[in-house]
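Colleague: Residue numbering for the sequence shown follows UniProt numbering, starting at 1 and increasing by one per position.
For the record, the hints were derived by calculation from the structure and aren't laboratory data.
List time: in silico EDC-like cross-link candidates among lysine to aspartate or glutamate, alpha-carbon distance up to 20 Å:
1) Lys764 <-> Glu602
2) Lys944 <-> Asp873
3) Lys174 <-> Asp208
4) Lys566 <-> Glu594
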Amino acid sequence: MKKFYSGVLVLLTVLLFGQINYTITPSPFNETDQITLTIPGDQIDESVWGVTNNAIYIWSWSLDATYANSQDCPTNGSWNNSDDLNKLNYDSTTDAYSLTFTPTSFFSRTGIGMFGFLLKDKTGSHQTSDTFVNVGVLSLTLTNPLTNSLTSVPSGTSVNIAATTNVNSTFQLKANGTVMHSTSTPSLSYSYNYTVGADANMELMATDNLNSKSATFILQVPRNVVSEAIPSWIRQGINYHPTDQTKVGLALYAPFKNFVHVIGSFNNWAVNDAYLMKRDTANPDLYWIELNGLTPQQLYTFQYRTNDLKKVADPFSPQILSSYDDQWISSATYPNLPVFPAGQDFEVSMFKTGQVPYNWQTTNFQRPNKENLIVYKLLVRDFTLEKNWQSLINKITYLKNLNINAIELLPIMEFDGNVSWGYNTSFHYALDKAYGTPEKLKEFIDLCHQNGIAVILDIAFNHATGRSPLVRLWNVDPDGDGYGDVAANNPYFNQVPKHSYNVFNDFNHSNPATKYYVERALQQWLTEYKVDGFRWDLTKGFTQNCSENDENCTNAYQQDRVDVLKNYADKQWAIDPGSYMIFEHLGTDTEEQEWANYRVAEGKGVLLWNKQTEPYNQNTMGYNENSNYDRMDHKLHGFTDMHAIGYGESHDEERLMYKNLEYGAINGTYSVKNLNTALERMKTFGATFFTIPGPKMIWQFGELGYEFSINRCADGSINSGCRTDEKPIAFILGYDTQVNRKAVYDTWAQLINIRNTHPVFQSKTYTVESNNLSNDPDGLITRIFVYDNALTSGVKNVVVLANYNTTAKNVVPYFPYTGQWQNLMDNTTLNITSTMTPITLQPGEFRVFGNYTGNLSVIDENTKNKLSLQIADNPVTNNVAQLIYHKAKNGSIFIYDISGKKMDSFQLKNEEGIYELNLNYPAGIYLVHLKSDNGIAIQKMVVK
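Using the sequences plus the hints, can you model the full thing?
Modeller: Right, dumping it as structure tokens:
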């Protein structure tokens, strides 16, 4: 029985066993009889399963009298959290598990012909294989052909049909509803002369005095498939003829299929050989057909039906209709949503010729430099009450005024269900309808571009769900419900995952078919919707070298993964050279460097997620441990350019404010658990985050101090099983109008504006010092130094100071030179006479200083004679420090360790220039003093 999950990503580590032994008393039994199912204890190794107290559960489902219409037992619970009502009773004296129940009550239905069950632990980490039990005193066993089987039989050929029952019965054989044979006997052996010209849907029914049982199978006539070169205007998917609006071309890649029919609204969903697809001569696995005589502007729906009875929508459908989800989509979100075709199931594709293309208002959008991205990541479902594109359009002013320059959307490709994070993708090419129409999405993207905001899509190419046609075309489907595990001949997926983080079905990215599918999906979103790039989810899964049980292997450098993802980068940039490519890899620096530094000479290179959630949250909570976020510096990753996209909060991590309020430090009357105090510290988080050069990402409503846990359930409780559940919406709670919360938004907006206004923040010369205990024994002091000596005007130096302690601290600023400095938050000025004079910061307080610019024409004159000292690429990691100095008349350099011991000294030959200092010092912190006729300058140097 296929376990079907909608809207929740579930990690499964499944250990399969063979058929288990069991007994049922009484046997046989009717659906209204109370029965006892007993399983010997030796059928389960509790130690391997890791269960305690014999906590074994039954997961069960029932089928109707025709062994169809499968329904889960109502008391199953969820796969990763079984309901205790389905816990088996354990008898230690007999070492046996048992459960007593009445089928009609247990399954809450009547007309049960069969039920299936498996045994599992509570979380679904281990399970047995499926077992099926007939219900009813009468039992029917079809021995040839097998139940739900498909047999290929030339017309006019005799087929032996054999079946047995446990009591004397009347057998009746039907072909496409017509009775072909009847007899009364405990067993049947009948030679049926198959003369039907098309597929025959066969039904064998057995009836005794009380009950009837039936079994179905299909006899099929082989088809003669025409081989013909595919027309140049047709490729895989749905193709509109370039000049003829009455013609559409369809093509399906279907290796291991003998023939394929197209069924749809244009042929009453019948298997008709007039719609038998041809084979391409160059690629016999590619089936294609031209549909002619279509009416322009009329909507048509269709599926592919293969010789082995798989019915699927086109994998390259721009949108699909769903028999599961569409009824729950409101007309306000998707006006005039087409009705799912009556009598059909699964998903169907749509096409309409002569469509009017969207009229883009912005055709020359200039994307923000990827190294200066401020990405706002959001989930449409939880961002507004209406949960659709129009409501997002209505919030464009809110987003623009925050001064972000990119919006990243959690996956919007067709996913299972309507309430989801979207990572349970089934059709990567198709837009999900849960948030609205394609035209509304295009309007939203167009509006973002008009406001200087790029749009980035999360996309989950690691996997696909069981609804995907790429899974269902080649799956193992023992109960005939259309779903099942990946078959060995599937050209897209691994039967067994090749990495330890798998969810759903694992794509094999070494296969050409998978690569083609990925490339086409990229092209669809980049060209049809004009998105600006993608955040590639779970790129660790793009290897074939590991196993689902080997986390060390998955996390280690994998050359095939490096090569595959470089190839995808080439493909994406070939489609759209300036598009963003972001990897959620979270792996080793050596592997991430391969992508970050790839083709950087051409201005390219991949952005890598740089997770700093724990250290930032330790700071905001007020704790020293693990609070160093120096790795916000791209240089510490070995990246040539600023390709580390830093974040302190994401959809995947606990909310900063939740932990602030739940676990924040308390010192006397100062408590981080106090809401307003925690909100003030979120301002400081922004100051120590946005001022670091390089791309950044924030998660929705962090700017309002959103404090609801990622694990919040609908009833307000906290449980990891509710991780992807819907969450309260900040706008509905009025957070955007509450003074203290809006103050966080305003502070972040101001910080981003400062960053966008001053070119110095695009400099690659910066240093991040957080919680440097050797220099600040109390810890939780941040200093950020940003500078660009190439700038000829404006702010060239920035010094950011922050105190994350719970008490006031005197913070030594280490200004690079004395003189006038400006607080960039309020434009007040400060006359610095000593770079070492401490500045008092209250708990949770910050300062952002820039060298005073005042009247620029005056600045240039006033700064000409100022002494300055900079240390390039600080911390120093290559044993050579570059000391950059200016106006150092008769200058000398003195180097001291943190205790004051002099380590080195030397005379400078020139008043200004660059001095390369070879280091033979132990790792640590040193003070570099420049003494000259123009004064003294002091810089802190960190040696790694």
